[in-house]
Amino acid sequence: MDLFPLWNSLRISFVASVITFFLGILIANYVAKLPGFLKGVLDAVLTIPMVLPPTVVGFLILKMISPKSSLGMLVKQYFDATLTMKWQAAIIAVVVVTFPLMYRTARSSFEAFDKNIIAAGKTLCLSDVYIFWRVLLPNCKEGIIAGVVLAFARGLGEYGATSMVAGYIANRTATISTTVAYFWQTNQDEKAMRWVMINLAISFTVMLCVNIFEKRISFGKGK
Amino acid sequence: MSIYCKIKKKVGKFNLNIDFQAENETVALMGASGCGKSMTLRCIAGIEKPDSGRIIINGQTVYDSEKGINLAPQKRRAGYLFQDFALIPNMTVKKNILVVMPKEKRGSIESVMERFHLTGLENHYPAQLSGGQKQRCAIARIIVSAPWIIMLDEPFSALDSYLKWQLEREIMSVINEFGKTVLFVSHDRDEVYRISDKVVVIENGRNEPICTKQVLYQHPQTYADALLTGCKNIFPVLYEELTIRVPDLALKLESPKEYEDVCFLGIRAKQILPEFMVEDKNSAVFVSYTVEQVTEAVFSMILMVRPENGHGLVRWEMPKEVYHKLSLYPPVLAIPKKEILYLKADRNIFPCG
Chain A
1 MDLFPLWNSL RISFVASVIT FFLGILIANY VAKLPGFLKG VLDAVLTIPM VLPPTVVGFL
61 ILKMISPKSS LGMLVKQYFD ATLTMKWQAA IIAVVVVTFP LMYRTARSSF EAFDKNIIAA
121 GKTLCLSDVY IFWRVLLPNC KEGIIAGVVL AFARGLGEYG ATSMVAGYIA NRTATISTTV
181 AYFWQTNQDE KAMRWVMINL AISFTVMLCV NIFEKRISFG KGK
Chain E
1 MSIYCKIKKK VGKFNLNIDF QAENETVALM GASGCGKSMT LRCIAGIEKP DSGRIIINGQ
61 TVYDSEKGIN LAPQKRRAGY LFQDFALIPN MTVKKNILVV MPKEKRGSIE SVMERFHLTG
121 LENHYPAQLS GGQKQRCAIA RIIVSAPWII MLDEPFSALD SYLKWQLERE IMSVINEFGK
181 TVLFVSHDRD EVYRISDKVV VIENGRNEPI CTKQVLYQHP QTYADALLTG CKNIFPVLYE
241 ELTIRVPDLA LKLESPKEYE DVCFLGIRAK QILPEFMVED KNSAVFVSYT VEQVTEAVFS
301 MILMVRPENG HGLVRWEMPK EVYHKLSLYP PVLAIPKKEI LYLKADRNIF PCG
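Which chain is which? The protein sequence lines are A and E, in order.
Residue numbering for the first sequence follows full-length UniProt numbering, starting at 1 and increasing by one per position.
Residue numbering for the second sequence follows full-length UniProt numbering, starting at 1 and increasing by one per position.
Watch out, some of these pointers could steer you wrong.
Here are a few chain A residues that face chain E, going by a calculated C-beta distance under 10 Å [what the hints assert, rightly or not]:
hint	residue
1	T123
2	C125
3	L126
Just so you know, the hints here were simulated from the structure itself, not pulled from any lab data.
It should be emphasised that the depicted structure is a prediction, and the values quoted were computed from it without experimental measurement.
Think of the CB as a built atom: it goes at the ideal place given N, C-alpha and C, for glycine as much as any other residue.
Chain A with its partners taken away, still in its complex shape:
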């Protein structure tokens, strides 16, 4: 059995999760500090991908990076390459689709954190960067990890946008979800079922890990 779709799905989702993690926490930290109105507007914009159909996201990404777009033409002209129909293109799709999950969980845990602790750190001359990485993040671990895992799991299962920007090319862009779709469409139900089972097993393991990990973080609270 060719395991390329598994490996491809994992690397796309992994790279995308790393990008989503940094984008998510940095933007969440920025938005959480904004005043009311601006925050509401930005929040809506940043969360939209969560409620859009993935095909709409895929369509918009294609408009930006397809060979017919200005960016696509530039790349074609200078590097003689295309951005779409590559496994890397799927990373962009997965980042856009999973970003709101990371952003929202991070923002709500940042907002729930005691502001006085941050203020105290500042009056004690701790730098804003130190406070963000060493005080805010560790104390929001649970929310952040939940966000990363959700983003990773969602990324593994991304189908709509991925199939539009990366398509299904066996051994090149095939992911678990596009492989299931391909086998089903070509009446190879048995092979499709195998990938369905693999997907179920991965998702179950991921959720189990979340539960186990959540109980470990406590910093001396109720042991």
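Assemble chain E onto chain A, guided by the hints.
This is chain E only, laid out in the frame that chain A set:
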């Protein structure tokens, strides 16, 4: 001076308008909850930004709306003890103190732990500490960060009453050793009197001029002063040519010349005497009364009495042995003239009619 603070800030419908300065001394900002005490401290620390004004700490302008100066909290060197101590939850006691120490001084961590009675708690997380231990850790953090000014935000409100006294002593010794300006926010009049040198009374976002605690407690000037320093009987007064009338007590008094804008009259519950204990009858005013309620306290009796023809109630506190003699004499109480407090209204809440 070592702190100068003249700021304005609007928060919703609330207007903060604070103006005071102080030397190297302990100054209490006293007022009811929600009057803007903590907001003032937050503005000085740089956690909140005033709308306008100027703040100078130890000669350095940290905020000036006209010159566009607004230093980050990190550059103000204003130590702030939060009500809930705000220790960093994911760091141990030792780490909480170490992170704010300059690198070259970290060798002295053991002596710091010892000085603040934290030895043995090095590896505890804040969630495992008692209120008193948290406070010591928070104060240690502030002291090692070498601030120019220390601000204490209701430092004892989160503690059990039996711990308060001990921690108050500890804070006092830290304050004395610190020797610079300490701003101290509280609504507890006894605490304020014990800890501070001077007092700034804040009422509804505005402050009265800074004064020494002795002056404030013995000669309160306004309604808010009297109330905050524990005066239980405050009655409105009406002017009638050369006299002032107190309808609540059915009493007429000569109008004291130097108190032209007096709006209230205050009488401390413990200063009232029964008539038979006053020898010089010219030194007091007398009011007949009927007793409405008697409450026994630990060392005294508290009476609520209604003056004859008056519509107010007077709270009167006396030693128990005096109370037992009351029934032998006619029910007349005496208010010594020198104990009467002539109070101005607070400009912003009770405009004088």
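We went through each hint and held it up to the structure:
1. T123: holds, 4 Å
2. C125: holds, 5 Å
3. L126: With a closest approach of 6 Å, the L126(A) hint holds.
Checked against the numbered hints given earlier, this structure breaks none of them.
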